[in-house]
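*Asks:* Letter by letter, the chains look like this.
Protein chains: 2
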Amino acid sequence: MGGDFGPRVVIPASVDALKRHPRLTLQLVGQQTVLAPLLADSLKKRSDKSLSSRISIIDAENVIANDERPSHALRKRRDTSMYRAITQVAEGQAQACVSAGNTGALMALGRFTLKMLPGIDRPAIITAIPSVNGISYMLDLGANVDCSAEHLLQFAIMGSVMTRAVEGIEEPRIGLLNVGAEEIKGNEQVKLASRLIREHGGLNYIGFIEGDDIFTGKVDVVVCDGFVGNIALKSSEGVARLIGRQLRLSFTRSLWRKMMAMLVSPVLEEIRAHIDPARRNGASLLGLQGIVVKSHGSANRQCFGYAIDQAVAEVQMDVPGSINRQLESQIS
Amino acid sequence: MGGDFGPRVVIPASVDALKRHPRLTLQLVGQQTVLAPLLADSLKKRSDKSLSSRISIIDAENVIANDERPSHALRKRRDTSMYRAITQVAEGQAQACVSAGNTGALMALGRFTLKMLPGIDRPAIITAIPSVNGISYMLDLGANVDCSAEHLLQFAIMGSVMTRAVEGIEEPRIGLLNVGAEEIKGNEQVKLASRLIREHGGLNYIGFIEGDDIFTGKVDVVVCDGFVGNIALKSSEGVARLIGRQLRLSFTRSLWRKMMAMLVSPVLEEIRAHIDPARRNGASLLGLQGIVVKSHGSANRQCFGYAIDQAVAEVQMDVPGSINRQLESQIS
Numbered sequence: 001m002g003g004d005f006g007p008r009v010v011i012p013a014s015v016d017a018l019k020r021h022p023r024l025t026l027q028l029v030g031q032q033t034v035l036a037p038l039l040a041d042s043l044k045k046r047s048d049k050s051l052s053s054r055i056s057i058i059d060a061e062n063v064i065a066n067d068e069r070p071s072h073a074l075r076k077r078r079d080t081s082m083y084r085a086i087t088q089v090a091e092g093q094a095q096a097c098v099s100a101g102n103t104g105a106l107m108a109l110g111r112f113t114l115k116m117l118p119g120i121d122r123p124a125i126i127t128a129i130p131s132v133n134g135i136s137y138m139l140d141l142g143a144n145v146d147c148s149a150e151h152l153l154q155f156a157i158m159g160s161v162m163t164r165a166v167e168g169i170e171e172p173r174i175g176l177l178n179v180g181a182e183e184i185k186g187n188e189q190v191k192l193a194s195r196l197i198r199e200h201g202g203l204n205y206i207g208f209i210e211g212d213d214i215f216t217g218k219v220d221v222v223v224c225d226g227f228v229g230n231i232a233l234k235s236s237e238g239v240a241r242l243i244g245r246q247l248r249l250s251f252t253r254s255l256w257r258k259m260m261a262m263l264v265s266p267v268l269e270e271i272r273a274h275i276d277p278a279r280r281n282g283a284s285l286l287g288l289q290g291i292v293v294k295s296h297g298s299a300n301r302q303c304f305g306y307a308i309d310q311a312v313a314e315v316q317m318d319v320p321g322s323i324n325r326q327l328e329s330q331i332s
Numbered sequence: 333m334g335g336d337f338g339p340r341v342v343i344p345a346s347v348d349a350l351k352r353h354p355r356l357t358l359q360l361v362g363q364q365t366v367l368a369p370l371l372a373d374s375l376k377k378r379s380d381k382s383l384s385s386r387i388s389i390i391d392a393e394n395v396i397a398n399d400e401r402p403s404h405a406l407r408k409r410r411d412t413s414m415y416r417a418i419t420q421v422a423e424g425q426a427q428a429c430v431s432a433g434n435t436g437a438l439m440a441l442g443r444f445t446l447k448m449l450p451g452i453d454r455p456a457i458i459t460a461i462p463s464v465n466g467i468s469y470m471l472d473l474g475a476n477v478d479c480s481a482e483h484l485l486q487f488a489i490m491g492s493v494m495t496r497a498v499e500g501i502e503e504p505r506i507g508l509l510n511v512g513a514e515e516i517k518g519n520e521q522v523k524l525a526s527r528l529i530r531e532h533g534g535l536n537y538i539g540f541i542e543g544d545d546i547f548t549g550k551v552d553v554v555v556c557d558g559f560v561g562n563i564a565l566k567s568s569e570g571v572a573r574l575i576g577r578q579l580r581l582s583f584t585r586s587l588w589r590k591m592m593a594m595l596v597s598p599v600l601e602e603i604r605a606h607i608d609p610a611r612r613n614g615a616s617l618l619g620l621q622g623i624v625v626k627s628h629g630s631a632n633r634q635c636f637g638y639a640i641d642q643a644v645a646e647v648q649m650d651v652p653g654s655i656n657r658q659l660e661s662q663i664s
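Residue numbers (my numbering), protein chains in the order written: chain U, 1 to 332; chain H, 333 to 664.
Be careful, since some hints might not be right.
As the list claims (entries may be wrong) - Here are the computed lysine-lysine pairs in the DSS-like style, where the Cα-Cα straight-line distance is at most 30 Å:
#1 U/K76 <-> U/K19
#2 U/K258 <-> H/K550
#3 U/K258 <-> H/K590
#4 H/K517 <-> U/K191
#5 U/K185 <-> H/K517
#6 U/K76 <-> H/K377
#7 U/K19 <-> U/K49
#8 U/K185 <-> H/K523
#9 H/K351 <-> H/K377
#10 H/K590 <-> U/K185
#11 H/K517 <-> H/K550
#12 H/K351 <-> H/K376
#13 H/K408 <-> H/K376
#14 H/K517 <-> U/K115
#15 H/K590 <-> U/K218
#16 U/K76 <-> H/K523
#17 H/K590 <-> H/K550
#18 H/K408 <-> U/K191
#19 U/K191 <-> H/K447
#20 U/K19 <-> U/K45
#21 H/K523 <-> U/K191
#22 U/K191 <-> U/K218
#23 U/K44 <-> U/K19
#24 U/K218 <-> U/K185
#25 U/K115 <-> H/K523
#26 H/K381 <-> U/K185
Stated by the list, open to error - Computed footprint of chain H on chain U; a stretch qualifies when at least three of its residues, placed anywhere within it, have a C-beta under 8 Å from a C-beta of chain H:
#27 87-99
#28 126-135
#29 213-226
#30 257-267
#31 298-311
Don't read these hints as lab results, they were simulated from the structure.
What you are looking at is a predicted structure, and each value in this text was computed from that prediction instead of being measured.
Each residue gets a CB set at the ideal place from its N, CA and C atoms; glycine is no exception.
Chain U extracted, bound-state conformation (with noise of 0.2 Å):
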């Protein structure tokens, strides 16, 4: 029922997921009434019958809205569409839940249900970003905008299972967000973090990083508290899209400049395609016990369809299982 378009978004990316993925099956947790329309409605636009066996509706009468208080979320929860569909994995109904929906209350509403792994304080949100050989991840991006040197310890080490897991690196390089790549550099919650997370050992930890170096390809996982993260990313898609916008200025600016605007537009689309956040749709919370996968409230069918992809591969990779075995072995 989340995010800015709800189910005639999540509905059609739904459909299309189960095409991607023939052992798919997927609950729609939400007004029956809303949702059963626009779902026969989905499917009888595919030729493919037998999608119809391996889609359902889970009857929830209400909805958390976007701009709700987690803490008034949890208290509000039964009934609504996110608490069912979290119930649903910690009941072992579902094996990951994906939403486009109020992320502070996704959030209450996901430690509540599914509680904490052994050894972790809080969750996280870790998303992949473009980089310079590809990609790499960034954790926290807002769950957290007080955080100790101990939960960075914390993101470190889930970051650095994620990666392993999810894109088969070995020795994840991880770096720690600061002002300056000297030790003296930097605030005592990140000073105190470097030296943890150096003596923590089984991380292949390389130091501080500014923040030009997030898209430099120089780390694999990009570690920070989540104030300064939310604002990193959102600065940097804040200059992506001025320099979006006046690539469209200077290319409107003449019938001429029209004309080479349509020649390079494939080149254009070409680096939008490498760079554009949505295209990597699809933060995770990490610190569940279960999985749990935020979309981009602005998530289109194709967007939205990223995000269902990031729940099947975490699926596939058992994230949350491998982040306990990781830290059963290593935190003392």
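Once you've looked at the hints, dock chain H against the given chain U.
*Replies:* Then chain H, alone, in the frame of chain U:
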């Protein structure tokens, strides 16, 4: 003596600046034996003989290295070019100091020698950033990695005065950088700072802004602590560089594309001119009882000239005096 290229860039840029500003006089502070031949050479290339009467050398034997700790720079300050240059300002022999050297040392020496304005606890680094409408200002960019809410209020006051003085904007719109626009979002530091700025009065405060609002022109002044500001700005530079790199790669993939690249290069150059942070070189240290402008260490001749221009503008507008008057009339 500072920056990646030292006097080889600073001296030609200085002679250029004398041409641009007929009432400007410059003192080059550094090792006389290094500076004198470079200056003679730069002046010889100019037909205008009168320039030499407006530029002089102040001999200083030592140099503060780029990787020196501020505390160390402070101890060994005597006979360093940076300290001598700032002392010229403190003693009224110069109206501003421009340096491409070690930022931390410049800050420490500036604070030690010039002292803070009454009511300001710490200097802040401010710079102009590109936005949809033109430019905005952002502070702090790394001078302070552990700020209190009171410091953020002081940054808001200083940023507002600077923007009014230099850009002529009557009531600069001020935004506080946060992970969400709603009142409930963020850490304790920004929540308290938001209340202080709102209650302060005399500031055109529009509330929280998110990372992607930095470049939309929604505000004239972006206020944040130095840790966050440094990382936000460098992340943005990083993504802009990634896009530039992808453009270059995409446009060299075939002969046909190389031909297209020649066609569109004026358009791309136009965009670069709008976005490129180096075109807006010159970050100011605000809060001191004197004008200190920091150039990018990597600035070339033209870019270092922008830092000199920035210093000239701040002298003309008496930025420190304006901030002081604002503080006297407002801080209780």
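*Asks:* Out of the numbered hints, which ones does the structure contradict?
*Replies:* Failing hints, ascending: 1, 6, 10, 13, 17, 26, 27, 31.
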